[in-house]
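Peer 1: From just these sequences and the hints, can you work out the full model?
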Amino acid sequence: MNPSPFEILGVSPDADDETIRRAYLERVRKFPPDRDPGRFRRIREAYDQLRDARSRLRHALFHLPELEALQVFAHRLHPRRPTLPQFRKMLAECLKDVR
Amino acid sequence: MTTEQRRQVLEALAGDETTLKSLPADSPLRAHLAAATEALKAWCRGDEAAVRAAVAGIPYRSPLRDLRFLLRALSCYPHDPEGGKSALARIAPDSPLACPAQVVRALYSGQHKALKPLAREFVRAITGKGGGKAQPKQLFSTLLAEAKKHPDTPGLKEALTALLAYYPAGRNAFAKVYGPVDPVEWERMKALLAERKRHLDDALDAWEAVFHQYRERGRPLHAAVVRFHMVELLEKADYPHLETVAELLEETVSLDPGNRDAWLKLARLYRVLEDERARGRVLEEALRHFPSDLKILEAAAEAAVDRGAFKKAAGLTRRLLKIDPINRRARKRLVNAHMRHARKQAGRGRFDLAAREIEEARRWAKDAEDQGRVAVLEALLAFLRGEVPEPSFETARPFLPSPLLECVVAAEVSGLGFPPKQGKPYLQSLRQVLDHRAMTLDSDIVSRLTDLLVDLDAEGLPMEDLLKAVRPFLKKGTKLVWDEDRRIALLEKLLKLRQYQLIRDYARASPGWKQPAGKRRERPPALVYFDALAKAGGEPGALSYSDVDALGAAHEYACRLQQHRWAARIDKLLEDYEESQSVPLPPGGGELNPFAMLEQLSRETGIPVEKLIKELFSGGKK
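Taken in sequence, the protein lines are chains A and B. With this note's numbering as the guide, the letters of the first sequence map in order to residues 1 to 99. With this note's numbering as the guide, the letters of the second sequence map in order to residues 100 to 721.
Because the hints were derived from the structure by calculation, they are not lab data. Only a predicted model underlies this, so the values are computations on that prediction, with no experimental measurement involved. Check before you lean on any hint, since a few could be wrong.
Derived pair list, reagent style DSSO-like, types lysine-lysine, alpha-carbon separation capped at 27 angstroms [stated by the list, open to error]:
(1) K184/B <-> K96/A
(2) K30/A <-> K184/B
(3) K613/B <-> K89/A
(4) K595/B <-> K578/B
(5) K89/A <-> K212/B
(6) K89/A <-> K575/B
(7) K120/B <-> K89/A
(8) K618/B <-> K595/B
(9) K89/A <-> K215/B
(10) K421/B <-> K410/B
(11) K567/B <-> K520/B
(12) K184/B <-> K140/B
(13) K520/B <-> K96/A
(14) K410/B <-> K465/B
(15) K592/B <-> K96/A
(16) K523/B <-> K613/B
(17) K613/B <-> K634/B
(18) K212/B <-> K96/A
(19) K256/B <-> K212/B
(20) K523/B <-> K465/B
(21) K140/B <-> K96/A
Peer 2: Pasting the structure below:
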């Protein structure tokens, strides 16, 4: 369920080079490598995938989203939620564990 | 919070009437319950804004405060698992909502089976029947149903197109909503699916179709990007046909000359194919598109040096230094290019031109070693021109302490093609100096000398006699006390100089190599790597079985020590060994050559080919 590079940088899929660069620099300032190396690496990789028109085209042509990512998309269109009674029943069931 | 209070919180949230009635009028639980109930309702109907507004009414000191984290974790599902888990981490084990938090944890981990029936029902209401595992057919149906109602939903068509790769049977249903699938998109999905299944040939066939369609539709950038991708796929193949890769790259750059990486890759490929003419042409063209690109300038300068076009190399490096004046490597290359050109001109008897090149080299030489080497060459040139009866190296001495000076002199004498009778005394002098210097040997001079030898070797100077003279001196260095990092650096240099016996001597002289009496200790992976490679004479194919075993163990040890660099190098060496043990396919695929197989078998078993043939035909019977 990895977020897309657009999500990581917080830009829309039709953003231009400059917008992407600005978003990248802003995120790098917020999450520098010494504070959160893993996050910094993900930001850097996302920027590499989107930095110019050719990179974005490569991402568009050769990136096959994972099934899980498509499932997240479907979930966002239609968030599945239990009913209030279902929620309350689950809470009531938990009462048995409170000793 | 007491057990009774925790129960009360859960009962109140679960809507237990008796508890609600029993709560005192001034109870904080009663005060905040309305906001909590509103938050629950809002979350159940999927109204995130209303959830946020409602939980804002639950203060931090409220017994219901953990509901805020529980709902936040639920709202993060499934797109932000990290956010969800960090919200859950804020619910303490003694919280009234600790049990519901466990249910939400199970939602994220997918471990639903251990849950109680009503909790499982709650989770299933969120994940659907599949229990959170995506099923292509089911997902396709869900999205298609949405597309029938709102076909213009952003991203929906793209998501359904991507799903066709997992569920190709949905093609007709897709067509009913969005019209027939674009043939190029269909091929693209086929290619991506084949890549995913690691069916390289199928993927390449499908990409080929995609490429042609893009070209016919007048989309050169798309076509070029596809070609480049095919190159990357071919590079992953065990035996890529390099000429085919070169053709694909030629097409890539002709369709998209702005792809710098493709130009560089193509130039590197022609270098491997030993086609210097094509390499030069490609870099010339690349320079037209990227006149100020450092990597292209560097590659072009290196190519010029390799084909002996030193003047050209110097010009390109000057351009590079204008853009990047502190590039030490480029500066060194420029000095070397001028010096090599000077040697070339001197060899042709054009001493004036050689002197001009030396002058240029002096202009750019900044570090002591370069300045000393320029001075040596100048002194030898003066001698060749007949300006002095004997060459004098006094101007070089301040830059090159002994025995570096003698070493450079011997190398330059040999590089300028002095007859053996004239060259021998310089080698003799080097030997004497080294013998004398060996009395006061230190690791610093050994390091500097090997640095110098590496530079001289990289410049293409004849090294055989020089190394023969220097070897005993370097051998004495094994007895010195070495910092292990410096020892590894020295081993790297000796590897570049192909001094395999010295490599083994230095590796085995390390305290890390020696096994304490009666104990077996793992040796440093770097030392095992150098020792094995040196024993094999630098040829991975010549590694012995015991060394392969030792390397395998060293690889494991490097992984345990998290020495990733050495783990990767050992891995590569073992990979090269494996590759050398298999019979290569003829270029472009095709059938195996039985004679090559027999030769390989003969090498591996030590049985002569003729005997192998006899045994094969007699079915192994004597």
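Peer 1: Tell me the hint numbers this structure goes against, listed in increasing order.
Peer 2: 3, 6, 8, 13, 15, 16, 19 and 20
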